[in-house]
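Whenever a hint applies, use it, and build me the whole structure from the sequences.
Number of protein chains: 2
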Amino acid sequence: MAAKPRIKDVAERAGVSAATVSFVLNDVEGARVAPETRDRIRAAAKELGYRPNTVARGLRTQRTQMIGFISDEIATTPFAGQMIQGAHDAAHKAGYLLLMINTGQSADEQHLAAQALVQRQIDGAIVATMYHQMVEVPTELASTPRVVLDAKPQNDAVSYVVPDEAGGATAVMGELIAAGHHRIGHVTERNEPIAKGLRLQAYRESLRKNALPEDPALIEEDEANAHGGYRAVLRLLDSADPPTAVFCYNDRMAMGAYRAAAERGLKIPEDLSVAGYDNQQLISDALSPGLTTAALPHYHMGVWAVETLLATLSSTKPIEPQAHLMPCPLVRRHSIAPPRR
Amino acid sequence: MAAKPRIKDVAERAGVSAATVSFVLNDVEGARVAPETRDRIRAAAKELGYRPNTVARGLRTQRTQMIGFISDEIATTPFAGQMIQGAHDAAHKAGYLLLMINTGQSADEQHLAAQALVQRQIDGAIVATMYHQMVEVPTELASTPRVVLDAKPQNDAVSYVVPDEAGGATAVMGELIAAGHHRIGHVTERNEPIAKGLRLQAYRESLRKNALPEDPALIEEDEANAHGGYRAVLRLLDSADPPTAVFCYNDRMAMGAYRAAAERGLKIPEDLSVAGYDNQQLISDALSPGLTTAALPHYHMGVWAVETLLATLSSTKPIEPQAHLMPCPLVRRHSIAPPRR
DNA sequence: TTGAAAGCGCTAACAA
DNA sequence: TTGTTAGCGCTTTCAA
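Protein chains in written order, with full-length UniProt numbering: chain U, 1 to 341; chain L, 1 to 341.
Accuracy of the hints is not assured; some may be wrong.
No copy is singled out in the list; a pair is fine if it fits within one copy or between any two copies.
[Said to hold, decoys possible] As a list, the in silico SDA-like pairs of lysine to any residue whose alpha-carbon atoms are at most 25 Å apart:
#, residue 1, residue 2
1, 8, 26
2, 93, 139
3, 8, 205
4, 267, 231
5, 8, 63
6, 4, 314
7, 209, 35
8, 196, 219
9, 209, 76
10, 8, 112
11, 4, 103
12, 267, 290
13, 93, 140
14, 4, 157
15, 8, 140
16, 267, 238
17, 93, 106
18, 46, 119
19, 267, 107
20, 46, 22
21, 152, 171
22, 8, 59
23, 4, 315
24, 4, 60
25, 46, 111
26, 93, 136
It is worth saying that the hints were derived from the structure and are not from the lab. Remember, it's a predicted structure, so these values are computed and weren't measured experimentally.
Below you can see the structure in the form of structure tokens.
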């Protein structure tokens, strides 16, 4: 097999210099090359199957067409793929590729990772986390354009995007209220991720705005998984004045709600309406009836992050950092119905 | 902020030439440099915070320390993360980074993707798919070391790794049989992925080897999700001579089995034993009781692929392509018990 | 309208 | 024991 052709080979074959080839193949502004010569060069390049070497070009132009994607444990969560895919698609469309690096939680590793990316001359960086939280942007990236994905930068004034948890939770509550529920429970998680506070607050505000009872007995905390949801909902159902609907912190807890309801002989949605959050399809689609929930917009956040990054790359003047709340659209399935009474 | 230091800056500060700095910092074999000079150079590099520019080095050495990771839709499946993580960890440990690119199913896109990677001078490539299947290795990679991950190469003699489906299924069946079950049903999927045939065959062989009845009425096909599993298991339970245990093609179908059993008033595992495949934790851990299943070893396959690739990179003589079956370990939870009768 | 030459930052022969 | 030089493959200024 023939060795990969270089620009010199194309030049020789077309009977011109390498410089001229470069002009033509890159469509350089204001390069005056005879149309005839252009054709000859293009033909030669095509015949040889010439592809410019991005590394050599990168050395010369200081642009590698690579975006560093640095994250904590992201690849291990079921959502991660969506975010990577969104970032990938947006990058790929613009001719960029993602150079991935995962770090643990350790600050040391994060610095090393950032360094590895900088050494490789990435044009920009995405700093991502697996769920909505605060993040330290490694100082090594200080002179690299960067955007934070699914987190808020703690120490750095850069653009970032996070899900609009309040909006999503309000939409879910709106759906429950529209169905006619007055006594709505909330099952929340025990730890304190950012999402918890935001969803809980939206729950309370929805109640207040609609003049519905805000009974502390309607809120139960437990582990943020199916087992926790099961236990919490059971407590709600066994309470003195049980709710007719329950908004769960996430789809996993909602899965537990289904089991709790079944155990008490309650049918969903006739006897109990249930809503979740996350739109974790493996669950929300698999439950029967399908779970109504708010979707975490991972794909779109990935796209937004890269597009925002690319915009700053191609802009001459500095761009104001933006904070973007990505909407969490309501996904209607069949777990909500009017209350019995 | 000071511009990034170059090797020349280190050389100047240490009062030596760039070449000497390169020797010392790269620990070049048989480079005779006075220990004193070495120290001076190391100190200078440290003071300046010097990091060699990988792009420049790559141009010179023809090694970029990057591995191309090319896949179909991988990032969108819940398993993908594990595979990426495994590949990433193995690569990172050896000083390599993953350059990711996703293609759709289109052959055109796959060629373009391979080209993009080759242009970037990747040292090697991983060709991955989201589930065990046949794959075309893009011809553009012909002169790049490459390994196929979670698929069999159709047109290329290269190393590859796939899950040992037969082994995993046999282990699952062994568990059911050891618990004392004689009438074991199998719920399988309607399409024909490689995994289906392998798991089904292992089911049959396990029955045969243990002199257990191989009744066609014990096998039901449906969609490979919770709804399909629900329907298929319901058919099994409502049949003339229902099984006391059912081995489901995957965890999602097993999730449906739980619902079917509940609907017929059967408790798991007392009245019906259930086993799955995949160890999709979001499901197998969330079900109650926890689902006994065989784990798809995505993380380890990712590690194996990269390690195998790196071995060929650092070997002088060509290495025989290997086909590796990665074990699918049995994950015991609580969905299997002895039959009632 | 085109070509020559310099140089991006580094490594590796070869000299000294 | 260390420095000089050439060159990886490309782009871009400057000159012709």
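Hint check results:
1. 8 <-> 26: So residue 8 and residue 26 pass the 25 Å test inside one copy only (15 Å; across, 31 Å).
2. 93 <-> 139: between (29 Å within a copy, 23 Å between copies)
3. 8 <-> 205: Intra 68 Å, inter 62 Å, cutoff 25 Å: neither.
4. 267 <-> 231: both (17 Å within a copy, 19 Å between copies)
5. 8 <-> 63: The answer is both: 22 Å in one copy and 21 Å across copies each meet 25 Å.
6. 4 <-> 314: Between copies only: 22 Å across chains, 31 Å inside a chain, cut-off 25 Å.
7. 209 <-> 35: Neither, since 70 Å and 76 Å both go past 25 Å.
8. 196 <-> 219: within (12 Å within a copy, 45 Å between copies)
9. 209 <-> 76: So residue 209 and residue 76 fail the 25 Å test inside a copy (39 Å) and across (38 Å) alike.
10. 8 <-> 112: Between copies only: 23 Å across chains, 38 Å inside a chain, cut-off 25 Å.
11. 4 <-> 103: between (36 Å within a copy, 24 Å between copies)
12. 267 <-> 290: Close inside one copy (13 Å) and across copies (23 Å); limit 25 Å.
13. 93 <-> 140: between (27 Å within a copy, 20 Å between copies)
14. 4 <-> 157: between (44 Å within a copy, 22 Å between copies)
15. 8 <-> 140: The answer is between: 21 Å across copies meets 25 Å, while 37 Å in one copy does not.
16. 267 <-> 238: both (15 Å within a copy, 23 Å between copies)
17. 93 <-> 106: Answer is between; shortest inter-copy Cα gap is 16 Å, intra-copy 33 Å.
18. 46 <-> 119: Between. Shortest inter-copy distance 15 Å satisfies the 25 Å Cα cut-off; intra-copy 33 Å does not.
19. 267 <-> 107: neither (49 Å within a copy, 48 Å between copies)
20. 46 <-> 22: This pair counts as within: shortest intra-copy Cα distance 14 Å, inter-copy 39 Å.
21. 152 <-> 171: This pair counts as within: shortest intra-copy Cα distance 23 Å, inter-copy 46 Å.
22. 8 <-> 59: Both ways: residue 8 and residue 59 sit 17 Å apart in one copy and 16 Å across, limit 25 Å.
23. 4 <-> 315: The answer is between: 23 Å across copies meets 25 Å, while 34 Å in one copy does not.
24. 4 <-> 60: Both ways: residue 4 and residue 60 sit 20 Å apart in one copy and 16 Å across, limit 25 Å.
25. 46 <-> 111: between (43 Å within a copy, 16 Å between copies)
26. 93 <-> 136: between (29 Å within a copy, 23 Å between copies)
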